[in-house]
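Engineer: Residue strings, one per chain:
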Amino acid sequence: QTVVTQEPSLTVSPGGTVTLTCSSSTGAVTSDYYPTWFQQKAGQAPRTLIYSTTNKESWTPARFSGSLLGGKAALTLSDVQPEDEAEYYCLLYYDGYWVFGGGTKLTVL
Amino acid sequence: QVQLQESGPGLVEPSETLSLTCTVSGGSITTIYYHWTWLRQLPGKDLEWIGYIYYTGTTYYHPSLKSRVTLSVDTSRNQFSLRLSPVTAADTAVYYCARYESTLRLFDPWGQGTLVTVSS
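Residue numbers (this note's numbering), protein chains in the order written: chain Z, 916 to 1024; chain S, 776 to 895.
Some hints here could point you the wrong way.
[To be verified] Result set (PhoX-like, lysine-lysine): computed pairs, CA atoms no more than 25 Å apart in a straight line:
no.: 1; chain 1: Z; residue 1: LYS971; chain 2: Z; residue 2: LYS987
no.: 2; chain 1: Z; residue 1: LYS1020; chain 2: S; residue 2: LYS820
no.: 3; chain 1: Z; residue 1: LYS1020; chain 2: Z; residue 2: LYS971
no.: 4; chain 1: Z; residue 1: LYS956; chain 2: Z; residue 2: LYS1020
no.: 5; chain 1: S; residue 1: LYS841; chain 2: S; residue 2: LYS820
no.: 6; chain 1: Z; residue 1: LYS956; chain 2: Z; residue 2: LYS971
no.: 7; chain 1: Z; residue 1: LYS987; chain 2: S; residue 2: LYS820
no.: 8; chain 1: Z; residue 1: LYS987; chain 2: Z; residue 2: LYS1020
no.: 9; chain 1: S; residue 1: LYS820; chain 2: Z; residue 2: LYS956
Hints in this document: simulated from the structure, not taken from any laboratory.
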């Protein structure tokens, strides 16, 4: 059973910087896992922010960036805005199927 | 601009079959590199990738659901479908369809989702 792990919750102050991570029970996450990050706000469907580790959708604000960090996939938010408060999910690829992380609830306070 | 819309019963009895259809508008389901995807979000907010299908009928399923899931595609109607059987209360979820672009590895767009409750 492959498990993808994210921080359950994080809190950041407006204007601050925060990094969310995504790890795999199989070992280090590499670009071959095509890490994808989604943002979900209450009552809405998830929306892709980052795909294939670092690529941004047309609507992804410049303050969001994806990377690999210490064997994990990472999503960094700089100059955090109140509207960034949401649930964030990562998704990893495993030889024919995909597995979501449990999500990180980001609070902007 | 491609849009996806899920449809199907909102209530299914335990041990029966859950059947949903996703209608694709604004683009052809036979476009190369696009795989048509089903995902779900459980009441506790966990997301699950169920599987996807290419217009040729080639399918990929999550190992944990593979024994109960069947995906199909109807190119004449520009639709693809999910069947899950037998269902239990643990299959209660919001079901989403989405497009997956295999060269970019991108899931976008998504449908708005439809709630399916498994209960007698």
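Engineer: Quick one, are Z/LYS971 and Z/LYS987 close enough, alpha carbons at most 25 Å?
Structural biologist: With a Cα-Cα distance of about 18 Å, the restraint between Z/LYS971 and Z/LYS987 holds, given a limit of 25 Å.
Engineer: Hinted pair, alpha-carbon criterion (25 Å max): Z/LYS1020, Z/LYS971. Please report holds or violated.
Structural biologist: Satisfied, since the Cα-Cα distance of roughly 21 Å is no more than 25 Å.
Engineer: Mind checking the alpha carbons of Z/LYS956 and Z/LYS1020 for me, to see if they're no more than 25 Å apart?
Structural biologist: holds, 10 Å
Engineer: Take a quick look at whether Z/LYS956 and Z/LYS971 sit within 25 Å of each other, Cα to Cα.
Structural biologist: holds, 18 Å
Engineer: CA of Z/LYS987 to CA of S/LYS820, is that 25 Å or under?
Structural biologist: Measuring from Cα to Cα gives roughly 22 Å; hence the hint holds.
Engineer: Mind checking the alpha carbons of Z/LYS1020 and S/LYS820 for me, to see if they're no more than 25 Å apart?
Structural biologist: Measuring from Cα to Cα gives roughly 11 Å; hence the hint holds.
Engineer: Is the Cα-Cα distance between S/LYS841 and S/LYS820 25 Å or less?
Structural biologist: At roughly 22 Å apart (the allowed maximum being 25 Å), S/LYS820 and S/LYS841 satisfy the hint.
Engineer: Check whether the Cα positions of Z/LYS987 and Z/LYS1020 lie no farther apart than 25 Å.
Structural biologist: The given pair, whose Cα atoms are some 18 Å apart, holds under the 25 Å limit.
Engineer: With a cut-off of 25 Å on the C-alpha distance, tell me whether S/LYS820 and Z/LYS956 pass.
Structural biologist: holds, 12 Å
Checked against the numbered hints above, the structure violates none of them.
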